[in-house]
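S.K.: Chain by chain, the residues:
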Amino acid sequence: NAGVTQTPKFQVLKTGQSMTLQCAQDMNHNSMYWYRQDPGMGLRLIYYSASEGTTDKGEVPNGYNVSRLNKREFSLRLESAAPSQTSVYFCASTDQGLNSPLHFGNGTRLTVT
Amino acid sequence: KNEVEQSPQNLTAQEGEFITINCSYSVGISALHWLQQHPGGGIVSLFMLSSGKKKHGRLIATINIQEKHSSLHITASHPRDSAVYICAVSSNTGNQFYFGTGTSLTVIP
Chain U
1 NAGVTQTPKF QVLKTGQSMT LQCAQDMNHN SMYWYRQDPG MGLRLIYYSA
51 SEGTTDKGEV PNGYNVSRLN KREFSLRLES AAPSQTSVYF CASTDQGLNS
101 PLHFGNGTRL TVT
Chain H
1001 KNEVEQSPQN LTAQEGEFIT INCSYSVGIS ALHWLQQHPG GGIVSLFMLS
1051 SGKKKHGRLI ATINIQEKHS SLHITASHPR DSAVYICAVS SNTGNQFYFG
1101 TGTSLTVIP
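Protein chains in written order, with the working numbering: chain U, 1 to 113; chain H, 1001 to 1109.
These are calculated hints, taken from the structure and not from any lab test. Quick caveat: nothing in here was measured; it's all calculated off a predicted structure. Hints should not be assumed to be uniformly reliable.
Claimed, not checked - Beta-carbon label-pair distances, calculated as ranges:
#, chain 1, residue 1, chain 2, residue 2, range
1, H, Thr1106, U, Asn65, 35 to 43 Å
2, U, Glu59, H, Gly1057, 30 to 38 Å
3, H, Leu1049, U, Ala2, 35 to 43 Å
4, U, Pro8, H, Thr1106, 23 to 31 Å
5, U, Asp56, H, Val1044, 22 to 30 Å
6, H, Leu1049, U, Glu59, 19 to 27 Å
7, U, Glu59, H, Pro1109, 19 to 27 Å
8, U, Asn28, H, Glu1017, 18 to 26 Å
9, H, Val1027, U, Pro8, 31 to 39 Å
Stated by the list, open to error - Just a sample of chain U residues kept apart from chain H, beta carbon distances all over 12 Å, derived:
#, residue
10, Gln6
11, Lys9
12, Val12
13, Gln17
14, Ser18
15, Ala24
16, Asp26
17, Leu69
18, Glu73
19, Thr86
20, Leu98
All C-beta atoms, glycine included, are put in the ideal place defined by N, C-alpha and C.
Only chain H is shown next, with the shape it has when bound in the complex:
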């Protein structure tokens, strides 16, 4: 069973393109997280949100609680955005995070 599903699995874009990564979840949540994993392996937290929208630089995260869906948008994509983007949720019924399998993004100059 996959509590968190991401799409697409792989994404290749030209520099400058607008990118959208989608995340759907099937459990009750208290928060949703977007994480970034660079080729070197380290994972950093980009956003934690429980409603609405958050923006940081060229990154925008949105969540629709009723539809159990979140999107991560990257505007004016750049090769340095190439990474794996992971969606995770904080369960409101258990004591753990659930993670998607990640979306591998490659931005070509």
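In isolation and in its complexed conformation, chain U is listed as follows:
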């Protein structure tokens, strides 16, 4: 029972490069989220998908795009990476939106030079 699987674990990019962070959950959850975690700050929401076929911006969406490919998969794309996007990224899912426990992936540590 894998839960939420996130890849890659580590990535180093040069400014201007692009990449996609992959996230998949095997719990049949409806809602999926992408967060970034920076030192001294709480987790901040980048984008979320309340259900298959829908996506919405969170608190810090600039520079990112997302795709809810199907109910299992929710990817995050950086089209042109910037040093300000150096962070740890977490994918999470819940069964029924806000009123369910959060399940997190193991995180992706991204460095943009």
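Place chain H on chain U using the hints.
M.R.: Same frame as chain U, now just chain H:
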């Protein structure tokens, strides 16, 4: 603006001590969550509660809705409890979770 505040930011305890971590919030909520983040980075959900008290092993979480306050208690602390503990709330007016900045706990043998 910080919708969720935690205290203390850092906490060092001797093995066996009783530990309390506090969380205050300023928004209307439908639930409050306590999360644990180990040094390896993974985050796991410990509790979700909307009233009263929940217990799991040596961990106890309480919430006072009127005072907008929650506490996480660890009894008989152990070095393996060393982690960052994060308080989060489910907003009842928006469509998001709000997270505290975490309390870093170190338990010394």
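S.K.: Give a verdict on every hint.
M.R.: Results of checking the hints against the structure:
{"no.": "1", "hint": "H:Thr1106 / U:Asn65: 35 to 43 Å", "result": "39 Å, holds"}
{"no.": "2", "hint": "U:Glu59 / H:Gly1057: 30 to 38 Å", "result": "34 Å, holds"}
{"no.": "3", "hint": "H:Leu1049 / U:Ala2: 35 to 43 Å", "result": "27 Å, violated"}
{"no.": "4", "hint": "U:Pro8 / H:Thr1106: 23 to 31 Å", "result": "30 Å, holds"}
{"no.": "5", "hint": "U:Asp56 / H:Val1044: 22 to 30 Å", "result": "26 Å, holds"}
{"no.": "6", "hint": "H:Leu1049 / U:Glu59: 19 to 27 Å", "result": "24 Å, holds"}
{"no.": "7", "hint": "U:Glu59 / H:Pro1109: 19 to 27 Å", "result": "40 Å, violated"}
{"no.": "8", "hint": "U:Asn28 / H:Glu1017: 18 to 26 Å", "result": "41 Å, violated"}
{"no.": "9", "hint": "H:Val1027 / U:Pro8: 31 to 39 Å", "result": "35 Å, holds"}
{"no.": "10", "hint": "Gln6", "result": "10 Å, violated"}
{"no.": "11", "hint": "Lys9", "result": "9 Å, violated"}
{"no.": "12", "hint": "Val12", "result": "17 Å, holds"}
{"no.": "13", "hint": "Gln17", "result": "23 Å, holds"}
{"no.": "14", "hint": "Ser18", "result": "24 Å, holds"}
{"no.": "15", "hint": "Ala24", "result": "16 Å, holds"}
{"no.": "16", "hint": "Asp26", "result": "17 Å, holds"}
{"no.": "17", "hint": "Leu69", "result": "21 Å, holds"}
{"no.": "18", "hint": "Glu73", "result": "20 Å, holds"}
{"no.": "19", "hint": "Thr86", "result": "15 Å, holds"}
{"no.": "20", "hint": "Leu98", "result": "4 Å, violated"}
When held up to the earlier numbered hints, the structure conflicts with 3, 7, 8, 10, 11 and 20 and fits the remainder.
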